[in-house]
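Mind docking chain X on chain V? Use the hints.
Top line first, the protein sequences correspond to chains V and X. Using this note's numbering, read the first sequence as starting at 1 and increasing by one per residue. Using this note's numbering, read the second sequence as starting at 256 and increasing by one per residue.
No lab work stands behind these hints, which were simulated from the structure alone. Using N, Cα and C, we set each Cβ at its ideal position, and we do this for glycine too. Check the hints yourself; a few may be wrong.
[Said to hold, decoys possible] Stretches of chain V that chain X covers, calculated by requiring three or more beta carbons in the stretch to come under 8 Å of a beta carbon on chain X:
id: 1; stretch: 28-42
id: 2; stretch: 133-143
id: 3; stretch: 154-166
[What the hints assert, rightly or not] In the BS3-like style, the derived pairs of lysine-lysine whose C-alpha atoms are separated by at most 25 Å in a straight line are:
id: 4; chain 1: X; residue 1: Lys350; chain 2: X; residue 2: Lys376
id: 5; chain 1: V; residue 1: Lys69; chain 2: X; residue 2: Lys268
id: 6; chain 1: V; residue 1: Lys125; chain 2: X; residue 2: Lys290
[As the list claims (entries may be wrong)] Distance ranges between label pairs, derived from CB positions:
id: 7; chain 1: V; residue 1: Thr150; chain 2: X; residue 2: Gly355; range: 54 to 62 Å
id: 8; chain 1: V; residue 1: Lys229; chain 2: X; residue 2: Lys323; range: 46 to 54 Å
id: 9; chain 1: V; residue 1: Ala208; chain 2: X; residue 2: Glu288; range: 47 to 55 Å
id: 10; chain 1: X; residue 1: Ser311; chain 2: V; residue 2: Thr155; range: 38 to 46 Å
id: 11; chain 1: X; residue 1: Thr381; chain 2: V; residue 2: Lys203; range: 42 to 50 Å
id: 12; chain 1: V; residue 1: Ser201; chain 2: X; residue 2: Gly355; range: 36 to 44 Å
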Amino acid sequence: MKNNSADMVFEGLLRIADDNLILGHRTSEWCGHAPTLEEDLALPNIALDLIGHAQTLYCLACEIDSRYKNEDQLAFLRLEHEYKNLLLVEQENGDFGNTVLRLFYFSTFMKYFWERVKIKCCFKKLKEFSEKAFLETSYHSKYASQWVVTLGDGTDESNLKMSNAIANLEPFLGELFNNDDFTEMCSQNDFLPEPRSIFDSWKNEVEAILQKGNLDFPAIILKKRGGRKGEHSEAFGYLLSDLQYMQRAYPNSSW
Amino acid sequence: MEKGTEKLWDVLKDLTDPELPFLTLDDLGVIREIKRNDKNHVVTIAPTYIGCPAISVIEEKIASELKKIGISPIIEKSFSPPWSSDWISENGRKKMEDFGISPPHPRNTETIGDSLLKEVKCPQCTSYRTEKVSEFGSTACKSLYRCLDCKEPFDHFKCV
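One chain only, chain V, in its complex shape (with noise of 0.2 Å):
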């Protein structure tokens, strides 16, 4: 591979890594608080799925960039600015609606970014790699749709619950599926697809479902963003220095 193009499919896995595993932390956050034992079990399944995926990204980034010689290094051991999660990913988990709207937006963009990956990818292990995190992000985005529906759908307290929710999240889908100059060198070398290129099926079945569960679509309009930059929001300084705390306080410690 290229230099140039090494630089960029780090960059790629990076960003996508980054957004699962600060997901997966966020979910993990659940364990222990969930509102039912189903749920317990649900929400940390998830973001061992979540953390599963970052890994094995990290790994692959890892093989590109001798810089790092570990997954856990690049996990753990990055200042804030070196982290390019979505702000939307970071922020903090608010009630179950919150958590689990944010898992639907999230997992629903994921299912449909890895379909395209797995038909066009010029990274071969990242091809490979998506067919099996289609499969899942599918599963979770199922997961979360169920109870987007049932709580929209619910009470009227569930239903105020989950418009404020949806609130709550729409100042941070507009970076979701913001094109940048990176994402467009990424579509044009075959390896990933634009993040806007997938609003079109996004919004379908987004919609389809806030309507079963008498919400309203929110407005996508780019408004906070920062995140693929390096610039994060409050929340994240907090996630950090709990993410990190067993790596800073006690380096290289292993299972």
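Just chain X now, with coordinates in the frame of chain V:
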């Protein structure tokens, strides 16, 4: 099976899954290929789930088993084709049912991703009057059901 790897397959045949200890890796279809390149033996495994925490234990088990016959293998993970519940052997399905886990449906467009359309049989009393409690059970590869006749909860192995 590549010629000259018979001995390795034989050594690994009885290794069990850390999370489903009544099943062998062979029952689950996790070991996909053993090859010999210039210097090393390469064992390819297909994880049931990408984030399955049993994978690192499986890798350690394979390595330590082969070490006993003087081989240090390279273990590679493969996601293409993705591991499918169709790769579980007949014998594996039977053992699963005996253990109280409802085995996965054969994979097709309706069942993939553990669709709600298919009936799930209670492994305790064989009733089909069952309902899904949660998409996620005690491990990533299972969902949680309950039987409406004998009232017992049980795990159902997801169809993927």
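Verification of the hints:
no.: 1; hint: 28-42; in the structure: holds (count 4)
no.: 2; hint: 133-143; in the structure: holds (count 7)
no.: 3; hint: 154-166; in the structure: violated (count 0)
no.: 4; hint: X:Lys350 to X:Lys376; in the structure: 15 Å, holds
no.: 5; hint: V:Lys69 to X:Lys268; in the structure: 33 Å, violated
no.: 6; hint: V:Lys125 to X:Lys290; in the structure: 19 Å, holds
no.: 7; hint: V:Thr150 to X:Gly355: 54 to 62 Å; in the structure: 29 Å, violated
no.: 8; hint: V:Lys229 to X:Lys323: 46 to 54 Å; in the structure: 52 Å, holds
no.: 9; hint: V:Ala208 to X:Glu288: 47 to 55 Å; in the structure: 42 Å, violated
no.: 10; hint: X:Ser311 to V:Thr155: 38 to 46 Å; in the structure: 44 Å, holds
no.: 11; hint: X:Thr381 to V:Lys203: 42 to 50 Å; in the structure: 45 Å, holds
no.: 12; hint: V:Ser201 to X:Gly355: 36 to 44 Å; in the structure: 40 Å, holds
Taken one by one, the earlier hints fail for this structure at numbers 3, 5, 7, 9, listed in ascending order.
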